[in-house]
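Chains as they are written, first to last, in this note's numbering: chain A, 195 to 580; chain B, 66 to 221; chain C, 1485 to 1775.
Hints in this document: simulated from the structure, not taken from any laboratory.
Beta carbons: idealized from backbone N, C-alpha and C, even for Gly.
Be careful, since some hints might not be right.
Below, simulated EDC-like cross-link-like pairs (lysine to aspartate or glutamate); rule was C-alpha separation at most 16 Å, straight line [as the list claims (entries may be wrong)]: (1) C:Lys1767 to C:Asp1727; (2) C:Lys1609 to C:Asp1697; (3) B:Lys206 to C:Asp1693; (4) C:Lys1577 to A:Glu483; (5) A:Lys267 to A:Asp254; (6) C:Lys1767 to C:Glu1726; (7) A:Lys511 to C:Glu1774; (8) C:Lys1767 to C:Glu1720; (9) C:Lys1609 to C:Asp1666; (10) C:Lys1773 to A:Glu483; (11) A:Lys511 to C:Glu1709; (12) B:Lys170 to B:Glu100; (13) B:Lys170 to B:Glu107; (14) C:Lys1577 to C:Asp1521; (15) A:Lys572 to A:Asp445; (16) C:Lys1767 to C:Glu1709; (17) C:Lys1609 to C:Glu1757; (18) C:Lys1577 to A:Glu457.
Far from chain C, by Cβ distances over 10 Å, these chain B residues were calculated [stated by the list, open to error]: (19) Leu104; (20) Leu130; (21) Ile142; (22) Val181.
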Amino acid sequence: MGAPEEGPARHYLLARADFQSLFDALAREGYTTLGPTVRDAAIVYAEIRNVEDLPIGWTDRQGPGTYRIERRKDDALFGYNVGPHSWKGYLYPSRERLWAAHRSPSGFTVEPPEAAPPRYAFLGVRACELQAIAIQDRVFDGPYADPAYRARRASSLRIAVQCGQAGPTCFCASMGTGPRVGPDHDLALTELLGPGSHRFLVQVGSPRGAAIADRLPLRPATEEDLRARDALVDQATSSMGRSLRTDDVHDLLLGNPGLHRWEEVARRCLACTNCTLACPTCFCSTTEEVPDLSGDRVERWRRWDSCFTLAFTQLGKGSVRRSPTSRYRQWLTHKLASWQDQFGSSGCVGCGRCITWCPVGIDLTEEVAALREESSAKTAVSGGER
Amino acid sequence: MTNGEKPVIRLTSATHPFLEGFDAEFLAAASEGAEALELPPEAMVFHSGERARHLYLMLEGKVALEIEAPDHPRITIQTIGPREVLGWSWLVPPYTWPVDARVLKPTRVIALDAGVLERHLEAHPDVGYRFLRRLIPVIAKRLDEARIQLVDIHGT
Amino acid sequence: MGPESVAASPTSDAVPGLPEYAPRPFLLQDRRQETSDTVTLTLVPADGGTVPSFRPGQFNMVYAFGVGEVAISISGDPTRDGPLVHTIRAVGKVSTALTRLRPGDVVGIRGPYGQGWPIDAAEGKDVVVVAGGLGLAPLRPVLYELIGHRSRYGRVEIVFGARSPADLLYYSEVQEWRRRTDLRLQVTVDSADRSWYGDVGVVTQRLPDTRFDASRAVAFVCGPEIMMRFVAQALEARGLAEDAVWLSMERNMKCAIAQCGHCQYGPLFICREGPVLSYRRLKPLLAWKEL
Ligand SMILES: Cc1cc2nc3c(=O)[nH]c(=O)nc-3n(C[C@H](O)[C@H](O)[C@H](O)COP(=O)(O)OP(=O)(O)OC[C@H]3O[C@@H](n4cnc5c(N)ncnc54)[C@H](O)[C@@H]3O)c2cc1C
Ligand code: SF4
Ligand code: SF4
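Isolated chain A (complex conformation) (with noise of 0.2 Å):
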């Protein structure tokens, strides 16, 4: 981050009370504005209209395998951390057409794609999240680059939220994608909630953002309300609840193939596909055909597939990875090693969703951990013999 925008001079406030102007401000500018919202037990993201939508005063409660939403002391409006939910369901859609065709005297005509995409308005962007959309960024990129995830994510906003409190299953700060929100935003907002006083950091970090700035009833923020945002993200960073070592973590996995650990995890994983489907950068998906009834008009469809499947890598005579060991083990390294040599990052950026969503609480860091020990103690057993 550059020193002018660390200065108080782009930042601004935003009272509590004047809220709900973001709302209308995004309205106003052609957005549709997604955001956290209570709904079945959880907090999720859906589309929102007003400032009550927001999970006024909800928290979430996570450990390995178990997520419960609470009530706060306080009314914050982001005083949660990240639930089942995540941006890619709306830059990369679960389920997508990607044309259609119909039978035609030349055989058949591919018809011409949808119209625009719609502007999107991305309301509490964590850092964490930030950083998985930019790891997605790089992965529809490229010569193929997919111009409709491009187009979405072209005319999207994102305004981030600094969290003040990480959770238990939290790990971002091993990942370096948090708990600050990074540059890369086009507004990002700071939760600013003290006795008597309930207000919003404001900076803004786009020309877009400051569009929507420019519609807000904002003041001009002091260094005393930076260094309250600074004081949230040292709370955050100290309430991290897990950590990962990453300086070998590439090299440990692509070199151990053959470690008991990955069997004994997956006598445990159940190959639910439920960590593919909440992690934020997973991004394999399948092709289906989807003709009508008549048969003359057919629609190609991506969904959302994961490695965790048997039909994965199906070959003609059966599958690649038969066992629930290699499939774990291709989820593993390509998230944290072979990701690295593809798109020249971790594909993890540390939110702990895949540990709160597994149900039987399989824990990545925890797997890391046990790798590198069995793996360590097989190298001084073997440097012993020598």
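Add chains B and C with the ligands to chain A, keeping to what the hints say.
Below, chains B and C with the ligands without anything else, positioned relative to chain A:
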């Protein structure tokens, strides 16, 4: 095979790759009772079930190893060509050929007498060791090939 | 990264929809039965346009209307402009539908995709081509190239193996190549009945017979993965360097543009970094089980 005059063979280490590096004494011994055969297509080198009495050094041509079972059409499991060797069943109980060997293309082959070989190798264990060191890789290669065949790599 | 760089990288003027996924209709001109389950299709663009050029070893995504889309290597002649040629074995839903098409029918094509055989690196060198079964399909363009520009290459040794004589592809063409004196082609089958007078045995058994100068030779290998593993080991034992041996890998593929994740092989996307890859890169990965 006739009991009449056999052409006299003098094996050298250049006769066949299998013989490379063996000493003159062994080559002289192995020459004893060795026969150079010229076999036309369809000739049988040996039949399954027959007592195995030779080690064959292929010089030219092609020999098919075939298996026939009552409920199965005769199939060729392997063909043997120049520079290859054939026949170690004289070392393995019950000392009979497990398959048929049928000539596919005009073939020149040297048949070494297994009895002569055995006597020499028993008497000279160091040469015997060298001989087995030469033979085992051939057997191992055949075993590898059989394994590859077994997994049916081209299967649909 | 500046605040704008990522937001700016997606082009806002991009056409919504996914043109890369949309196939181009091709008309089936000719269909030739190769074996009981394999056919060779000759295709021309239905719009009358030109067939995109390709490099030997590349593949297309071939689409059967109402059924689905599969990855198929290009098996035609890269040295001349001509129709698109694919050889397809019926193994499942889509491939069976494709083998049942009749002249006049239309299929969808997108591609070509992937890295082909490094033919340029073979110039001036001996070339060893080892194909197993359907593996001859992606190697046939290599043979056309070697024969079409014969003087560019050293010795050419070809070993072609199949399960049985009835499974041999491109039979009459293979007989023609066998008669050539400027290359050597050995054909072997895993087993045969008495009507077969050729070699019987797995392809690795024919390798000791091939003649090449290991210090200046390249080998192109395609066939079932186990076969390629054995062949690569045998070639290495013959003195070929790991980066002189090239294999064409196969994995499940849905998109062919490194986005669906299916064809991942360790750090590699087979559709993008492959399907043709050097044994130097593959060797450590081939040692993993169920990768
Ligand atoms: C780079 C590449 C080149 C290929 N070249 C050829 C070729 O030239 N000729 C040819 O006949 N076949 C080729 N194949 C294999 C061909 O793609 C499969 O046979 C085909 O996908 C089977 O689909 P299906 O719907 O008929 O079978 P199903 O069994 O119904 O397929 C079910 C699923 O498994 C996948 N699948 C099944 N077998 C394979 C396979 N062997 N490889 C990849 N995915 C598979 C299918 O795509 C589908 O997702 C190639 C594969 C790849 C990856
Ligand atoms: S792997 Fe788990 S912790 Fe990492 S980004 Fe995905 S869901 Fe979050
Ligand atoms: S969520 Fe847990 S049980 Fe389900 S596939 Fe992932 S690791 Fe396995």
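A quick look at each hint next to the structure:
no., hint, in the structure
1, C:Lys1767 to C:Asp1727, "10 Å, holds"
2, C:Lys1609 to C:Asp1697, "8 Å, holds"
3, B:Lys206 to C:Asp1693, "14 Å, holds"
4, C:Lys1577 to A:Glu483, "12 Å, holds"
5, A:Lys267 to A:Asp254, "13 Å, holds"
6, C:Lys1767 to C:Glu1726, "8 Å, holds"
7, A:Lys511 to C:Glu1774, "14 Å, holds"
8, C:Lys1767 to C:Glu1720, "11 Å, holds"
9, C:Lys1609 to C:Asp1666, "14 Å, holds"
10, C:Lys1773 to A:Glu483, "32 Å, violated"
11, A:Lys511 to C:Glu1709, "12 Å, holds"
12, B:Lys170 to B:Glu100, "19 Å, violated"
13, B:Lys170 to B:Glu107, "8 Å, holds"
14, C:Lys1577 to C:Asp1521, "13 Å, holds"
15, A:Lys572 to A:Asp445, "15 Å, holds"
16, C:Lys1767 to C:Glu1709, "12 Å, holds"
17, C:Lys1609 to C:Glu1757, "24 Å, violated"
18, C:Lys1577 to A:Glu457, "34 Å, violated"
19, Leu104, "15 Å, holds"
20, Leu130, "8 Å, violated"
21, Ile142, "6 Å, violated"
22, Val181, "28 Å, holds"
Checked against the numbered hints above, the structure breaks hints 10, 12, 17, 18, 20, 21 and satisfies the rest.
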